[in-house]
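J.: Using the sequences and the accompanying hints, generate a full structural model.
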Amino acid sequence: MSAPDDTALRDLAAAYVLGALGPEEVRAFEAFLAASPEARREVDEYRETAALLALAGEERRPPPELRARVQAAIAATRERPLGLARRSPWGPIAWVGLAAALLAAVALGARTRSLSRELSARDSTIAELERRVDELGQGVFDRDAILAAVLSRNVRLAQLTASGDPDPAIQIFWDKARNTALVNAMGLKPAPQGRVYQLWWIRDGKPVPSVTFDVGHDGAGLVRGVSVPADGELSAAAVTQEPSGGSQQPTTPILLVGPLPKS
Amino acid sequence: MTDLYDRYGSVVYTVAYRVVGERADAEEVVVEAFAQAWRDAGRYEPGRGSVAAWLTMIARSRSLDLVRARGRRDRLTASAASGEPAAAADPTANPAERTEDDERRRMVRQAIEALSPPQRQAIELAFFEGLSQSEIATRLNEPLGTVKTRVRLGMQKLRETLRPYFFERVT
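So the sequence lines, in the order shown, correspond to chains S and U.
Its first residue numbered 776, the first sequence is counted upward by one per residue in this note's numbering.
Its first residue numbered 2, the second sequence is counted upward by one per residue in this note's numbering.
Bear in mind the hints are in silico, worked out from the structure with no lab data behind them.
Using N, Cα and C, we set each Cβ at its ideal position, and we do this for glycine too.
The reader is advised that the hints may include incorrect statements.
[As the list claims (entries may be wrong)] If the Cβ cut is set under 7 Å, some of the chain U residues that face chain S in the computed set are:
hint : residue
1    : M58
2    : S117
3    : A138
4    : T150
[Unchecked claim] Simulated crosslink set (DSS-like; lysine-lysine; CA at most 30 Å straight-line):
hint : chain 1 : residue 1 : chain 2 : residue 2
5    : S       : K1037     : S       : K951
6    : U       : K158      : S       : K951
7    : U       : K158      : S       : K964
8    : S       : K981      : S       : K951
9    : S       : K1037     : S       : K981
10   : S       : K981      : S       : K964
[Claimed, not checked] What the simulated footprint calls covered on chain U by chain S, stretch by stretch (three residues with Cβ under 8 Å from a Cβ of chain S suffice, anywhere in the stretch; the number is not a length):
hint : region
11   : 18-32
12   : 40-52
T.: Below you can see the structure in the form of structure tokens.
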């Protein structure tokens, strides 16, 4: 378990990756980072997360001629004398420098942790209140989004049921104008370890893989913003249990199935 | 390196375009980013992350440098603000990679839409406009602590949701 001061510093990991810390925070965090493999792993994960933000907007395709420009730039770099460091050029002097830097980082880290302990004690109440306010705001936003997804005039409802058993059921609120759906599962057992539920659209008689999900101990699960194929004739939807990560084709029998409304 | 360009050129160009806001600058950033990646290849540590994330972060950094150098920090970053049409499907792309990329893109959009608007706004201002948390607080006229909480909780939520969709670790 982390000490409170470490926790306060680890809380900076996301902002560090986004480049959103002030200079002093960067220094404190990097000193902490030098001594914490756990924080380095966290930073690595946040870097992967941040990189995915690149995909958030509309995809842009580079013009075909750009490839040749990139090739030319790389060739120019390759020809530069001493311009290419494919292997670490560090000699013994560099290693001495690195060792000194690490010692300094550890010393700075100790001082930083002492200061941050005082700060974190002072700020913990405020941080907890902010966290609660933000979580409440998120809850309200989530509820609004669900209501909007269910109440839209373009939404059609489909019900998936298990044959012969009225208990487990899935409702699909299908927004035909936006080609998205909200999937509401009820009365399902949580998927076993290493397995998930997967939704399938039945298009022209063939299953099209969709989102994977699981349910809580209360048997309920909710997935918003599920894409619905815009092309072809969708006749039904079904749910199977698949390995974590989902499958391209169903590998187990259908658990729930139901027709989709035509209009 | 050209293999990497063929695989990730589109992602790199997309992030560059989103930050700099227009085509010529985005192309310049892509050229610089791949040249830098080539020069710094020895610094890339495969154990610490995907090459796609490494390239993307280089491109984002070069893009912000360019925007700052040209004093265009306050321009709109929303891609919708641009008059240039978005990409159509690329018939030359590897179909399997194409499907995987489409799925990843869909999940990223879904995860970002699931954030509260203030969380999304804070994270986008940091990533695409390069604003510090203090600058975001000033811009939005919000307390700094509130902005910090939004960035932290929003990124935590994205990390948990998107972990299965991180870029593959290939070299």
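J.: None of the hints should be skipped; say for each whether it holds.
T.: Here is how each hint holds up against the structure:
The restraint placing M58/U at the interface with chain S holds, with a minimum CB-CB distance near 6 Å, inside the 7 Å limit. The closest approach between the C-beta of S117/U and any C-beta of chain S is roughly 4 Å, which is under the 7 Å cut-off, so the hint is satisfied. For A138/U, the interface hint is violated, the least distance from its beta-carbon to any beta-carbon of chain S being 11 Å, above 7 Å. The closest approach between the C-beta of T150/U and any C-beta of chain S is roughly 4 Å, which is under the 7 Å cut-off, so the hint is satisfied.
A hinted pair counts as satisfied when its Cα atoms are at most 30 Å apart, and K1037/S with K951/S qualifies at roughly 10 Å. About 28 Å separates the Cα atoms of K158/U and K951/S, which keeps this hinted pair within 30 Å; it holds. Proximity of K158/U to K964/S is assessed by CA-CA distance (about 25 Å); at most 30 Å being required, the pair is judged to hold. Distance check on the hinted pair: K981/S and K951/S sit about 20 Å apart at the alpha-carbon level, within 30 Å; holds.
Taking the CA atoms of K1037/S and K981/S, the gap is near 17 Å; set against the 30 Å cutoff, the hint holds. This hinted pair checks out: K981/S and K964/S have alpha carbons roughly 26 Å apart, not beyond 30 Å. Residues of the region 18-32 of chain U with a Cβ under 8 Å from some Cβ of chain S number 7, which satisfies the need for three, so the listed coverage holds. Note: the region 40-52 of chain U has 8 residues with beta-carbon separation from chain S under 8 Å; the three-residue rule is met and the coverage holds.
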